[in-house]
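Going down the list, the protein sequences come from chains G and D. Residue numbering for the first sequence follows full-length UniProt numbering, beginning at 1 and increasing consecutively. Residue numbering for the second sequence follows full-length UniProt numbering, beginning at 1 and increasing consecutively.
One or more of the hints may lead you astray.
[As the list claims (entries may be wrong)] Below, simulated EDC-like cross-link-like pairs (lysine to aspartate or glutamate); rule was C-alpha separation at most 20 Å, straight line:
1) Lys-326(G) to Glu-225(D)
2) Lys-262(G) to Glu-481(G)
3) Lys-128(G) to Glu-152(G)
4) Lys-62(G) to Asp-2(G)
5) Lys-203(G) to Glu-31(G)
6) Lys-186(G) to Asp-167(G)
7) Lys-139(G) to Asp-93(G)
8) Lys-345(G) to Glu-225(D)
9) Lys-310(G) to Glu-225(D)
The hints are simulated quantities; they were obtained by calculation from the structure and are not laboratory data.
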Amino acid sequence: MDYVVEMLNIRKEFTGIVANDDITIRLKRGEIHALLGENGAGKSTLMSILFGMYQADRGSIKVNGKEVRISNPNVANQMGIGMVHQHFKLVEDFTVTENIIMGSEPRKWLGLVMDTRKAGKKIEELSKQYGLNVDPYAKIEDISVGMQQRVEILKMLYRKAEVLILDEPTGVLTPQEVQELGRIMKNLIKEGKSIILITHKLKEIKAFADRCTVIRRGKTIGTVDVATTSEGAMAEMMVGRQVSFKVEKTDSVPGDVVLQVKSLTVRNSKKSLALNDFSLEVRAGEIVGIAGVEGNGQSDLVEAITGLRKAESGSIDLNGQNITAKSIRERIESGIGHIPEDRQKRGLILDYTLAENMVLEVYHREPFSRKGVLKNSAIRQYANRIIDSFDVRSGEGAVSAARSLSGGNQQKAIIGREIERNPLLLIAVQPTRGLDVGSIEYIHKRLIEHRDNGKAVLLISLELDEIMNLSDRIAIVNQGELIGVVNASETNENEIGLMMAGVKREEGA
Amino acid sequence: MNRIVVSLVAVLFGLLAGAVLMAVTGHNPITGYSYLFEGGLKNPERIGNTMATATPLVFSGLAVAFAFRTGLFNIGVAGQLLFGGFCASAVGLNWALPKPLLLIVMLIVGFLGGALWAIVPGLLKARFNVHEVVSSIMMNWVAYWTVYYAVPAYLKAQYSETESAQLPEAASLKVPFLTEMFDGSFINLGLFVAVIIVLVVGFIINRTTFGYELKAVGHNRSAAEYAGIAVNRSIVFSMAISGGLAGLGGVALYAGNASNIQIGVLPSQGFDGIAVALLGANTPIGVFLSAMFFGLLYSGRGFMNAMTEIPPEIADSIIAIIIYFAATSILIERLIRWFIRRRRANTKASTSQEGKVGM
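Turn these sequences into a full structure, and let the hints steer you where they fit.
Written out as structure tokens, the structure is:
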């Protein structure tokens, strides 16, 4: 069989954790091979080994049938292995061409002057050949995220990569861009390239990949033909048990109004109107979802409710009390929990330990501190309780640095911290972004549990599926205005889609 | 643990490089070093002087380390130290109080003076996001010229225009029992204050909710804000405390090691604080130890110079090289890891060979 890359019986251990334990993956020439696994299953570690960023403790790597040693990323590049990282590595105010040639600039005139023109031409040709449609002279800061990703792919092609590793490539893309990426991958395959697609989205594997290797907790579970394997079967391989895609929940029993937002107007950091005369009610025992295209005022609403941003006018009441002028801490104390959109920017202090992060909002209260002195044993106990009940996996438990956790486990830790405080109103912003099906299912269950405990939940998500599945009522925003509120049981994707585009219900009917 | 190794390796490399420098310039490194260390440790007086030299460095190192742990780079320690020392001198020269009381008042005033000098950059940072490096370094010169003007105008010595009058005995941190114990050294109570402050700062940083807040703001402003911590207030407090620590260093320097304050000098201890903090890995105990080590080099170099032909600049070069290695600690960490890996590979290779022989 013609394999371009084979990784055989790879084992990699970090202090306290076995990231890869006897993993084998074989990539055929000209195939799209998906690597599927939960967060922290060892996907990234495995690919970092292939890309030369780590060295395997055991096992071997073969490229074109020959055993090789990949000691650093440059060696990987020379062997024709290129990687597109989840977070792009581009210089914002350089052009596409400048970014692509960086590190191996073609020169002219005794090597004193960079030959951008020649490089630009070549990039244009490559772009045409693979149907990437990239303008070589555009600045990175002016092009969309999807386009930036193509620049990363072009970078690999320019360096004559034969094997492309795409790490979670669809996480940052809109549905249209995902389709486009699929088409590009097909083109690459046609031209004889081979692709390893790292993902945990089953839909995409089904749509794009030929074969799929599943790993779980650092071990290979198996390699399957995608065409003949159902999504459910792959999910089961990944998680190790049956997964339900449909959220189980009973009808809501709404109680008193917990959050009342009245004609709220908010300006964003650029001083333009982000939220205009916005009113909304969330009752105890219900989940209200906010649907909308990104950047239509959702983040500003959340920031206004939590106190991170000042309201221009209007009022916010929590449990009948006006909190519009209260400080962030006072709002936290009066019962707001907030799962922030950006877990690394807002949600965690990455240099603190997990335990220190678990008391981020309550450290000043007893029993975590007394008279201004921290009580470490109480803090650790509390953290361990959250770690246990939310299955947060880390190298050294409560004393691990938050930075060392995988993204999914960081998210679980934050959600655990917020739910553990048992807030009257839980604001969950993109709570499952970038998580695998197992974690998503679990987090959804906890959010519904919180509702069933008679608390209010405000859910903001860009995934319409998530909004539709979880919410009892759905509020739709467009350009900072409330378009309408509908009952989740009486609507469909089509109606909400129209409203998200700004078409009001009466007008549509 | 890791950091201790890095700092020790940095010191070792610095000393080795110093030895090379001595050898290259035609001197015997072993004689050079023996005089350098003898100069700092030979007899009680020299030991006392070493510790006294280190005392202001403990404070300035703590000032830098405290700011750094809370995400701020206080480069204005020199000015804060000078102004704190000036305020304390003004009190010492003008108020007639019993010695214990006067010293306590001087320490408090010194702390406040330094804090005041650091609050300005703190406020500018909190309100207008002005970078503290720029504003605190400018405050250095404000302090320099303020003292330049105020000392001749208000605290003038009888026969000199460039320094203040001598502090009376009651306003000096020097006490007879210490001076006698160390055979006439200029060691003084400042050292004890330094030890106490090291413990207090360690406690604040590691064990209190206040330290938790300050560090949280230092690591991640957005997350601290999210958690309801008053971010701007924390920044101002951090700077104030850092400056206050520097101010205490000024008291130890001008009312302890010296007995008056001179104009036209920006105390070098302020900038040395950065090096001390760096080598001490920004921990209070580390700062204390590295300050002692710097004190040893500073007080030993004169003796080395007197006894040999080796220029005192060699000692300064050693300090510079140590700082260089401490700053590039990542290189040292890599070196250590490489070393460990190679040793492990060697033992593995030898055991596998033994295995083959066994077969």
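Against the structure, the hints come out as follows:
no. : hint                     : verdict
1   : Lys-326(G) to Glu-225(D) : holds (14 Å)
2   : Lys-262(G) to Glu-481(G) : holds (13 Å)
3   : Lys-128(G) to Glu-152(G) : holds (15 Å)
4   : Lys-62(G) to Asp-2(G)    : holds (12 Å)
5   : Lys-203(G) to Glu-31(G)  : holds (18 Å)
6   : Lys-186(G) to Asp-167(G) : holds (17 Å)
7   : Lys-139(G) to Asp-93(G)  : holds (6 Å)
8   : Lys-345(G) to Glu-225(D) : holds (11 Å)
9   : Lys-310(G) to Glu-225(D) : holds (14 Å)
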